[in-house]
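There are 2 protein chains.
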Amino acid sequence: MEEKILLAHGSGGKLSHELLTKTVVNRLSNPFLDRMDDSAVLDIRGRMAFTTDSYVVSPIFFPGGDIGKLAVCGTVNDLSMAGAVPLYLSLSLILEEGFPLSDLEKIVFSIRKTADEAGVKIVTGDTKVVNRGMADKIFINTSGVGEVPEGVDISGSYARPGDAIILSGTIGDHGIALLGTREGLEFRTSLQSDCAPLNVLVKEILETSKNVHALRDPTRGGLAGTLCEFARNSRVGIRIEEAKIPVGREVQAVCELMGFDPLYVANEGKLVAAVAPKDAEKVLQKMRSNRYGAEARIIGEVVGEHPLRVVMKTRLGTSRIVEMLMGELLPRIC
Amino acid sequence: MEEKILLAHGSGGKLSHELLTKTVVNRLSNPFLDRMDDSAVLDIRGRMAFTTDSYVVSPIFFPGGDIGKLAVCGTVNDLSMAGAVPLYLSLSLILEEGFPLSDLEKIVFSIRKTADEAGVKIVTGDTKVVNRGMADKIFINTSGVGEVPEGVDISGSYARPGDAIILSGTIGDHGIALLGTREGLEFRTSLQSDCAPLNVLVKEILETSKNVHALRDPTRGGLAGTLCEFARNSRVGIRIEEAKIPVGREVQAVCELMGFDPLYVANEGKLVAAVAPKDAEKVLQKMRSNRYGAEARIIGEVVGEHPLRVVMKTRLGTSRIVEMLMGELLPRIC
Chain X
37 MEEKILLAHG
47 SGGKLSHELL
57 TKTVVNRLSN
67 PFLDRMDDSA
77 VLDIRGRMAF
87 TTDSYVVSPI
97 FFPGGDIGKL
107 AVCGTVNDLS
117 MAGAVPLYLS
127 LSLILEEGFP
137 LSDLEKIVFS
147 IRKTADEAGV
157 KIVTGDTKVV
167 NRGMADKIFI
177 NTSGVGEVPE
187 GVDISGSYAR
197 PGDAIILSGT
207 IGDHGIALLG
217 TREGLEFRTS
227 LQSDCAPLNV
237 LVKEILETSK
247 NVHALRDPTR
257 GGLAGTLCEF
267 ARNSRVGIRI
277 EEAKIPVGRE
287 VQAVCELMGF
297 DPLYVANEGK
307 LVAAVAPKDA
317 EKVLQKMRSN
327 RYGAEARIIG
337 EVVGEHPLRV
347 VMKTRLGTSR
357 IVEMLMGELL
367 PRIC
Chain S
37 MEEKILLAHG
47 SGGKLSHELL
57 TKTVVNRLSN
67 PFLDRMDDSA
77 VLDIRGRMAF
87 TTDSYVVSPI
97 FFPGGDIGKL
107 AVCGTVNDLS
117 MAGAVPLYLS
127 LSLILEEGFP
137 LSDLEKIVFS
147 IRKTADEAGV
157 KIVTGDTKVV
167 NRGMADKIFI
177 NTSGVGEVPE
187 GVDISGSYAR
197 PGDAIILSGT
207 IGDHGIALLG
217 TREGLEFRTS
227 LQSDCAPLNV
237 LVKEILETSK
247 NVHALRDPTR
257 GGLAGTLCEF
267 ARNSRVGIRI
277 EEAKIPVGRE
287 VQAVCELMGF
297 DPLYVANEGK
307 LVAAVAPKDA
317 EKVLQKMRSN
327 RYGAEARIIG
337 EVVGEHPLRV
347 VMKTRLGTSR
357 IVEMLMGELL
367 PRIC
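Those protein sequence lines, which keep their order, are chains X and S. Reading the first sequence from the start, the letters are residues 37 to 370 in our numbering. Reading the second sequence from the start, the letters are residues 37 to 370 in our numbering.
Okay, chain X solo, but in the shape it has when bound (with noise of 0.2 angstroms):
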């Protein structure tokens, strides 16, 4: 008979601790999680970035990943957008009663391996469980710390007039893949979701540049929103164009079948980055050179023109304002 999570696993009594014990920490297993108190004591040196996310994708397994490879790259992902080493993650399990424990193990088991490729260890976590029909399955929330090394310092609103904006890849993988693998669609694709850790390719991108003045991951929202933010927190403008703008084939395709924006569906393996004009050509050179940014482009630039506008000149040469996305286009894409 397969195994299931009952109330009991989240009672804080003998039965947590088994769960706990055996599925969790074993398997993530590093001096900081075994002490099993309700802290992990930490060194952290300098300034620290700190970050928090919850994971209610759905399906909870998709292709090219899961909700526990989600839930490492994004928190991964989002320190790396200060400009931070991530290290250490926090781990908390919203469980619906009668979740296959099968489950449970394959998705931290892929924790654990996202965890490693990224290079953070998972320090503290927490684990509930509530009633069948009062949660969809299982959340997660991954929290994360890093640090930021000295001389870094980077933010959505430092973007400045003149910057190139550059963009790690293909739009739209990561919501397109999701999509078909939901019930009722009738298409079927062998897209994958981008999902992946950038930690990697920001290392390289600072390394090879002082001048990075704005990262962040297009994920909710899609590049569009990721555009607005810049503007809106830097008050520039942002000229694109869409021609320079990589979207796979497929993705092409269901957005036309569809009816949807690529600029609006998310990503969770992208980055777009606003980098001074004379360091724009040797960082996307260095982005190339790592397997998550080998399709790299300059996709435009920061203007002083339009504050807070995003412009992008259309395939047909016309000129087309990008808002920020109204109403929601894919629900529970992470």
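If you're looking for bench data, these hints aren't it; they were derived computationally from the structure. A couple of the hints might just be wrong.
Identical copies carry no separate label here, and so any pair may be met within one copy or between two of them.
Think about it this way: if two alpha-carbon atoms lie no more than 20 angstroms apart in a straight line, the pair counts; the simulated EDC-like pairs of lysine to aspartate or glutamate are [to be verified]:
| hint | residue 1 | residue 2 |
| --- | --- | --- |
| 1 | K50 | E359 |
| 2 | K50 | E364 |
| 3 | K40 | E364 |
| 4 | K246 | D189 |
Starting from the structure of chain X, add chain S where the hints point.
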């Protein structure tokens, strides 16, 4: 018409931004959060404590608190139990589509008020919205970081034979207060949850004695769970006396009526300390001068005999082995 949470509030687009700025960021405002980057960049000196907890309490408003107050207290207390000074919290919300905006506002207000009392700042956050029926109203994750003062080294694995076991007050108040509010129960009490931030109490304890070995807040699993953890993690025996454990009159009455053992009922504003015997009395006196420790008592001691076991001398004079909770007493009390 009452405003409700829409899926689009979690889209990463315009509505997400409006909800965040108006309802959350403006009310929790501080220079770290106001930057609205994906990570906060903080200055931390020396050793840092890091913890996480997700809160799924039901009902979300209860006598003596709500899910917002609980989410701040729980994480502040977990940091405090590592001997840390809590400084910064993250706040991640999972909202069910249709959740009333006015309830969210009340909860954010409560978060702000409790954070102010505890002297911590909410510096980074995240909001997700799931379809109606896919979560129960609101789940909150708070993670926290704090500084561990020089020379402080406290862990559930450091209890030593001879240590006095000090309990900061009555047990069972939180769990029984919640029970009293749940539907279908035929009793009404004036009982309130003990939900409170304990960081000042811990600071005072640590200023009074350098010989505090272990601290923990007996939440899920109750006092029994915490003592069993001390015994297991420190590989010691623990002896307590039932007659010395303070239990409120109403909690006692409800427990008798319902067949609960208050040892297993959750607390959210209590702590248990293992303190070297020579300092026990002065720590106790100091605790009693703090409103959250006014009813503190020495309830037993750590012993070299029967390692890993907690033994209680009952009111009848017999001895009883106290085990961890088996099964689930009250789901979703935190």
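Going through the hints against the structure:
1. K50 x E359: between (52 angstroms within a copy, 9 angstroms between copies)
2. K50 x E364: The answer is between: 10 angstroms across copies meets 20 angstroms, while 42 angstroms in one copy does not.
3. K40 x E364: The answer is between: 15 angstroms across copies meets 20 angstroms, while 33 angstroms in one copy does not.
4. K246 x D189: within (9 angstroms within a copy, 39 angstroms between copies)
The structure agrees with every numbered hint stated previously.
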